[in-house]
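Engineer: In case you want the letters, here they are:
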Amino acid sequence: MSVDGEKEYIRMVAETARSTWGDEAAQQFMNHIEGTAKAVYEVSNYPLEASTEPVTKMRPEA
Amino acid sequence: MEPYKLSLAEAARLMRDGSLTPTRLTESLLDRIDELEPRVDAWVTVDRERALEAAEAATREAADGVFRSPLHGVPVGVKDIYYTEGVLTTMGSPLFAGFVPDHDADVVKALKGTGAIVLGKTETTEFALHDPAPTRNPWNTGHTPGGSSSGSAAAVSCGMAPLAFGSQTGGSVVRPASYCGVVGYKCTYDLLSRGGVYPLSWSLDHIGYMARTVEDAKITLRTLRPDLPEGHKVDGPPRLGLLSGYFKENASDEVWRGFEKAVGKLWGEGAQVVDVKLPESFKTVPSVHRVIMAVETAAVHEDMFRERADEYREYLKGFISSGLLVPATAYLRAQRIRGQIIGDMVRLLKGYDCLICPSTVDTAPEGLEWTGSPAFNAPWSLTGLPTVTVPSGLSGEGLPLGLQLVGRPSGDMSLFEVAAWCEKALRFPHEPREPHTPK
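Sequences listed follow chains V and L, in order. The first sequence begins at 240 in the working numbering and counts up one residue at a time. The second sequence begins at 205 in the working numbering and counts up one residue at a time.
It should be emphasised that the hints constitute simulated quantities derived from the structure, not laboratory data. Keep in mind that a hint or two might mislead.
What the hints assert, rightly or not - Computed list of lysine-lysine pairs in DSBU-like fashion (alpha-carbon distance at most 35 Å, straight line):
1) K277/V with K452/L
2) K554/L with K469/L
3) K209/L with K316/L
4) K437/L with K465/L
5) K316/L with K246/V
6) K643/L with K628/L
7) K277/V with K554/L
8) K452/L with K316/L
9) K452/L with K437/L
10) K481/L with K277/V
11) K437/L with K209/L
12) K481/L with K437/L
13) K487/L with K452/L
14) K487/L with K246/V
15) K277/V with K487/L
16) K487/L with K437/L
17) K246/V with K277/V
18) K246/V with K452/L
19) K313/L with K209/L
20) K554/L with K628/L
21) K469/L with K313/L
Unchecked claim - Computed footprint of chain V on chain L; a stretch qualifies when at least three of its residues, placed anywhere within it, have a C-beta under 8 Å from a C-beta of chain V:
22) 489 to 501
23) 531 to 544
Where a beta carbon is used, it is the ideal one built from N, C-alpha and C, also for glycine.
Turn these sequences into a full structure, and let the hints steer you where they fit.
Structural biologist: What follows is the structure, encoded as structure tokens:
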């Protein structure tokens, strides 16, 4: 995870918001858009190990 | 003593021995509501006629020696996102102005079956999220009671009801209960049915309620879930895992000092209090919670939002908009990380009767624009672990502080045993609060 990567991701989401709802509406919600985008970035970059995931337990041999 | 001052357990005992009737208790509470509602604004609807009818029926049954349960004749408040047959249910939103359900939520139906009396519907933030209700904190009417179960917490605090139901997705039961100086309980995920309670975020929504004592909260769960095994009895002082780290870093100085003072009292009564280190996965809790909640809230509201976005208040409108932009893979990844956090927390709990931390980041904020931070409660909504908040003291400004106890999955009855021990050690008065308005 990098500061630049996070900034770039938030910028991309903000751009998507503007093209989806228009500049005015997107600007009105920008705190939410950026806050959720920041959370998404952290979640997307958190390392997951298959061996420790509950979903793995669905395999009979696990 | 005026009946409104009685705890649920005290009122139930007096009704059993015939020295109090459900009708007298209900009348006393309705008088109390009439007296204080202009200053506290805890109710959307006071269902006076139906409550009195139900109270009279309960009184007749009691006279014949029929007591349906320990809640027989006990009046309760219900948050305005619970469906109630024939009673206005607004979800705190103009989108549901005038909506009257044709059936009861599962919990309401169960309460009526136990002989409890629904007094009315309590104020909520819009759809149980952020945009505030008009309710004021009885400890200082210039401060928020917290949210989203704002009316339920305030009503119990000032003696308008001995028991009131809420819901928690982030911190909507424990936070307002703590701000209002009452006991708050959030169940293990799905231990109490969410059927008929308007969703905010399906996998995070929990049923909870407020009462003035741990005994009252325990009686309520025992009545609604008689099938649960008895809790592990606390024969001696409990072993408590103290959570610092994230909690110490985010608590206000006053809250942390108050927490340390409360821990000192528990330790003084013999509790073993051990510092525990939070797992590495815990640091992702705020982001994981936010991603899941934003997506699920957006999904709940997607259709209505498309047609009537302008009728939503500002915070919810923005939150839904942000959730609609989250990639599906990020939502699923958040759920996968959540599984790891749950596993890590359950392992951490193994050495202790429960974990403890402050119930809130700060005392009730001044003003009604913001209901406060859920940061100390959201981890337990995310992990589905049961929590109880017990009033633990007062701030320098005279506002309540709370001790939050976190139990094992489905260990709710055992958690009440530990909470009762802590409540006794902390000795916080549980009489109804006379609303205070500073000059």
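Engineer: Each hint: holds or not?
Structural biologist: Verification of the hints:
1. K277/V with K452/L: holds (23 Å)
2. K554/L with K469/L: holds (24 Å)
3. K209/L with K316/L: Roughly 23 Å separates the two Cα atoms, so the pair holds.
4. K437/L with K465/L: The given pair, whose Cα atoms are some 26 Å apart, holds under the 35 Å limit.
5. K316/L with K246/V: violated (53 Å)
6. K643/L with K628/L: holds (34 Å)
7. K277/V with K554/L: holds (33 Å)
8. K452/L with K316/L: violated (42 Å)
9. K452/L with K437/L: holds (30 Å)
10. K481/L with K277/V: Status holds; Cα separation ~26 Å.
11. K437/L with K209/L: Given that 35 Å is the threshold and the Cα spacing comes to 29 Å, the pair holds.
12. K481/L with K437/L: holds (26 Å)
13. K487/L with K452/L: Roughly 13 Å between the alpha carbons, so the hint for K487/L and K452/L holds.
14. K487/L with K246/V: With a Cα-Cα distance of about 20 Å, the restraint between K487/L and K246/V holds, given a limit of 35 Å.
15. K277/V with K487/L: At roughly 14 Å apart (the allowed maximum being 35 Å), K487/L and K277/V satisfy the hint.
16. K487/L with K437/L: Roughly 33 Å between the alpha carbons, so the hint for K487/L and K437/L holds.
17. K246/V with K277/V: holds (8 Å)
18. K246/V with K452/L: holds (29 Å)
19. K313/L with K209/L: holds (26 Å)
20. K554/L with K628/L: Holds, at roughly 24 Å.
21. K469/L with K313/L: violated (41 Å)
22. 489 to 501: Since 6 is at least three, the answer is holds.
23. 531 to 544: Coverage by chain V holds for the segment 531 to 544 of chain L (9 residues, Cβ < 8 Å).
Comparing the model with each earlier hint shows violations of hints 5, 8 and 21; every other hint is respected.
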